[in-house]
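2 protein chains.
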Amino acid sequence: MTGSTPEPFTADDYRARMARAVRAAEDAGLAGILVAPGPDLVWLTGYTPAVTERLTLLVLAAGQDPVLVVPALEAPDVAHAAGAPALTLRDWTDGKDPYAATAALLDATGRFAVSDNAWALHLLALQRALPRSSYVSLTEGLPMLRAVKDAAELARLAAAGAAADATYEEIRKVPFGGRRESDVAGDLADLLRRFGHSQVDFTIVASGPNGANPHHEAGDRVIEHGDMVVLDFGGLVHGYGSDTSRTVHVGEPDAEQRRVHDIVREAQEAGFRAVRPGAACQDVDRAARAVITGAGYGEYFIHRTGHGIGVTTHEPPYMIEGEERPLVPGMCFSVEPGVYLPGRFGVRIEDIVTVTEDGGRRLNNTTRELVIVD
Amino acid sequence: MTGSTPEPFTADDYRARMARAVRAAEDAGLAGILVAPGPDLVWLTGYTPAVTERLTLLVLAAGQDPVLVVPALEAPDVAHAAGAPALTLRDWTDGKDPYAATAALLDATGRFAVSDNAWALHLLALQRALPRSSYVSLTEGLPMLRAVKDAAELARLAAAGAAADATYEEIRKVPFGGRRESDVAGDLADLLRRFGHSQVDFTIVASGPNGANPHHEAGDRVIEHGDMVVLDFGGLVHGYGSDTSRTVHVGEPDAEQRRVHDIVREAQEAGFRAVRPGAACQDVDRAARAVITGAGYGEYFIHRTGHGIGVTTHEPPYMIEGEERPLVPGMCFSVEPGVYLPGRFGVRIEDIVTVTEDGGRRLNNTTRELVIVD
Chain A
1 MTGSTPEPFT
11 ADDYRARMAR
21 AVRAAEDAGL
31 AGILVAPGPD
41 LVWLTGYTPA
51 VTERLTLLVL
61 AAGQDPVLVV
71 PALEAPDVAH
81 AAGAPALTLR
91 DWTDGKDPYA
101 ATAALLDATG
111 RFAVSDNAWA
121 LHLLALQRAL
131 PRSSYVSLTE
141 GLPMLRAVKD
151 AAELARLAAA
161 GAAADATYEE
171 IRKVPFGGRR
181 ESDVAGDLAD
191 LLRRFGHSQV
201 DFTIVASGPN
211 GANPHHEAGD
221 RVIEHGDMVV
231 LDFGGLVHGY
241 GSDTSRTVHV
251 GEPDAEQRRV
261 HDIVREAQEA
271 GFRAVRPGAA
281 CQDVDRAARA
291 VITGAGYGEY
301 FIHRTGHGIG
311 VTTHEPPYMI
321 EGEERPLVPG
331 MCFSVEPGVY
341 LPGRFGVRIE
351 DIVTVTEDGG
361 RRLNNTTREL
371 VIVD
Chain B
1 MTGSTPEPFT
11 ADDYRARMAR
21 AVRAAEDAGL
31 AGILVAPGPD
41 LVWLTGYTPA
51 VTERLTLLVL
61 AAGQDPVLVV
71 PALEAPDVAH
81 AAGAPALTLR
91 DWTDGKDPYA
101 ATAALLDATG
111 RFAVSDNAWA
121 LHLLALQRAL
131 PRSSYVSLTE
141 GLPMLRAVKD
151 AAELARLAAA
161 GAAADATYEE
171 IRKVPFGGRR
181 ESDVAGDLAD
191 LLRRFGHSQV
201 DFTIVASGPN
211 GANPHHEAGD
221 RVIEHGDMVV
231 LDFGGLVHGY
241 GSDTSRTVHV
251 GEPDAEQRRV
261 HDIVREAQEA
271 GFRAVRPGAA
281 CQDVDRAARA
291 VITGAGYGEY
301 FIHRTGHGIG
311 VTTHEPPYMI
321 EGEERPLVPG
331 MCFSVEPGVY
341 LPGRFGVRIE
351 DIVTVTEDGG
361 RRLNNTTREL
371 VIVD
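Residue numbers (my numbering), protein chains in the order written: chain A, 1 to 374; chain B, 1 to 374.
Be careful, since some hints might not be right.
Copies of the same chain look alike in the list, so a pair counts if it works inside one copy or between any two.
[To be verified] Here are the simulated EDC-like pairs of lysine to aspartate or glutamate, each with C-alpha atoms no more than 16 Å apart in a straight line: (1) Lys-96 x Glu-269; (2) Lys-173 x Asp-190; (3) Lys-96 x Glu-323; (4) Lys-96 x Glu-7; (5) Lys-96 x Glu-266; (6) Lys-96 x Glu-321; (7) Lys-173 x Asp-187; (8) Lys-173 x Glu-324.
Hints are computed from structural coordinates only; laboratory data are not their basis.
It should be emphasised that the depicted structure is a prediction, and the values quoted were computed from it without experimental measurement.
Can you make the complete structure from the sequences, with help from the hints?
Written as C-alpha cells, this is what we have:
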C-alpha cells in the first residue's frame, strides 16, 4: 500500500459538484444534465449501480433539487452511496414507463447534455417522450466538467501515480527474456494490487514486433534477448486512475533502438514542457510530435499525445490536433508520445501530468532513460 | 469442469447470424442494424473490444457486406475474432471523423435499429451526420433477434445450467449460521469457477431481512440460526449465461416461512407449466403471479417473473405483464417468482427454462424443496 487512505468524499462534496454542474450547464445555455450510471454518476453522487436495461438517470437542472430516477428494486442500494443525502429519489417499478416519469422532470423544449455512455435505448425513449427536446453529449456540451480536479482529487491521482511508479521500480527487477508477455503482465497486475490498486485496468506487455501495435495487450509470445518491450499499465487507487508507460530493453540495445528511444524521450519532455495554463491542448500534441517528425519518424507516431484521467483512465481533455481549448490548473492528463515500426518494435513513454499555476507537474517520476532488463 | 468444451463458433456461424439479422431488419421495414461493442457484437462477430469513446460499429444492411467501423489502433485485434473473415474493416485514425465515414455507408433517409447499449455520444453524432435518418433500439425494433437459440447455443446454456446446479449441490453443504453473507458469496464464486464458469457475474446471499430486497447482493451481515437465505448466482460458461436461485433455511423453519416457500415453489411450477410455443410471454408471468396473489401475497411479488438469457444474463424475452409476443421453440429465459416481506425475509426460486416443440424444459434441475442448511 502506498500512502494513507484519504478522507472519503462527503454528501457536501457531491452536493457541491452537482451545483457546479448545474451552473456549468446554465452557462452553456443548457436546460440541464442527464447523467447515466458510470463515471459521471460516480463523480457526481458516489453511486455505482450495475448497468442494466432498467433506467437509472440523475436529472440535474436549474431551480430544482437533484433527482435520481431509479428502479424500485435498486432504490435501497442508493442509500449506501455517500452522495445519497443530496438526492431526491424517484423510483419506478417494472411494467411502468420510466421515461414518462423522467420527462415530467424536464423542460419539454430544453436542450440537455447527456452522459456519453448513456444507452441509446434510454436516449431514444426520451427523445420520443419529449419530441421538442434536444440533446448533446456531455463531452461535447460540457467537455471540461470533470477535467479540473480539486485538491482531494489531485491527492488521489498523485497516490495512484506513486503506486504505478512503485510497480515500475519492481517490474524492472523481474526476468523478461524467456518468459511470456502474459507472465510479465501477471507480475504487473500483482504489483499494482500490492501497491494499492483496488482495480487493475490494463497491463500491456508488448515485446519485439508486438510493440509496434499500440493497443497490443499481452499474449503468448516469449520475450527474447534483444527485444524492446513496451510496458503500459494502470488501474484505480481510491477511485482515481493511474496510467504510465515505460519501454525497456532485454540486454543491450542496438543503435537504432537507442536512437528511437531517445527521440521518444525528447518528445515526451517537449510535450511536458508545453504544459502551462492557457496553452491549447493541441500545443502539447504539437510539441511532442514536432520532435518525432523532426527526427524523421512522424509517420510512425500514429496516435494522439494524451488523454485526461480521473475517475476514468480515458476522458477529456485530449491532447490532440484540433483541440483548441486551453489548459487550466488542476487538469490531469497523459503525455505519451510513441514510435511504432511495423514488424520491428515500438517505444512509448508516458507520464500523467497535472497543470499547475505556472506550468506542469508530473505524477509519474520514474526514470525515463532506457532501462536494461534481464 | 462440467462437460466437454464445445466446438468454437466459426466464421460461417457468424456469417449466418449476420445474414439472419439483415433479413430480420428487412422484414421489420428497417434499412439496417448498427451494432455496438457488447453482447450484440459478440453474438454477431465474436469480437469483444474494450469499450471506449472511440467509435467501433458494425453496419449491417441489405445488399452490402457487413462492415466493421473500427479505430485503426484496434484493427489488428479484430483478426483474433472468429467472425473476422466475414467482415470488411473500415478503420479510422485519431483526429478523423468516424461518423462521416459511417454515414457514407448508410441510407441517408433510412430507419435503423441500434444496439440498446450504443453510447449516446455515438448516436447523437450519427443523428447529426444524417439528419433525415431515424433510429429505434434493437430491443424495440428487433426484440427477438437473439432470443431463439440454435442447438449449439442451447448446448452451452445447458452446460451453464449444469454448472450452476453443481454449485448449488455443494453450497448446501457449507456452514451458513455464524458466517457473513460475503463469506458464503465467496464460496459460491469459487464453486461457480470450479464447475466451469469463466466469469462470475453475481453471487447473491440475502439472509433474514436482507432477503426482502430482491437486489441485495451480499454484505457483512452474519447469518443467524432461523434465517431464510436467498441464493441467486450465475455467470458465463463458454460465453453463455447461468442464473439460478434457491432459498434455504438455517435450521428448522417456522410455519409461515414454510408456507411462503411452498407458495413460491407452486408459483414457479405454475410459471414453468405455462411455457409452450404460442403462449404469450405475459402468460408465464400471469400463471406464476396468480398463485401468489391467490395465496394473499400478491403485493409482495414486486418484480417481473423472468428475463431471457444467452450471451448476457438479462435480455429479451421478458416474462412481464404487457409482453404479448409469443414464445417460440429455442427461447431461453428465467422463471423466478418471489415473495418479499419487508423487514422479515424473502423467498425466490428460479430456473432457466427453454421452450421446446410442445412445452418447456428446465435447464436447472436441483430440488426446489426447502433445503435445511447448518
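Each hint tested on the structure:
1. Lys-96 x Glu-269: Neither. Shortest intra-copy (57 Å) and inter-copy (26 Å) distances fail the 16 Å Cα cut-off.
2. Lys-173 x Asp-190: Cα proximity of Lys-173 and Asp-190: one copy only (14 Å, versus 33 Å across).
3. Lys-96 x Glu-323: between (43 Å within a copy, 12 Å between copies)
4. Lys-96 x Glu-7: neither (40 Å within a copy, 42 Å between copies)
5. Lys-96 x Glu-266: neither (59 Å within a copy, 26 Å between copies)
6. Lys-96 x Glu-321: between (47 Å within a copy, 10 Å between copies)
7. Lys-173 x Asp-187: within (11 Å within a copy, 36 Å between copies)
8. Lys-173 x Glu-324: neither (42 Å within a copy, 63 Å between copies)
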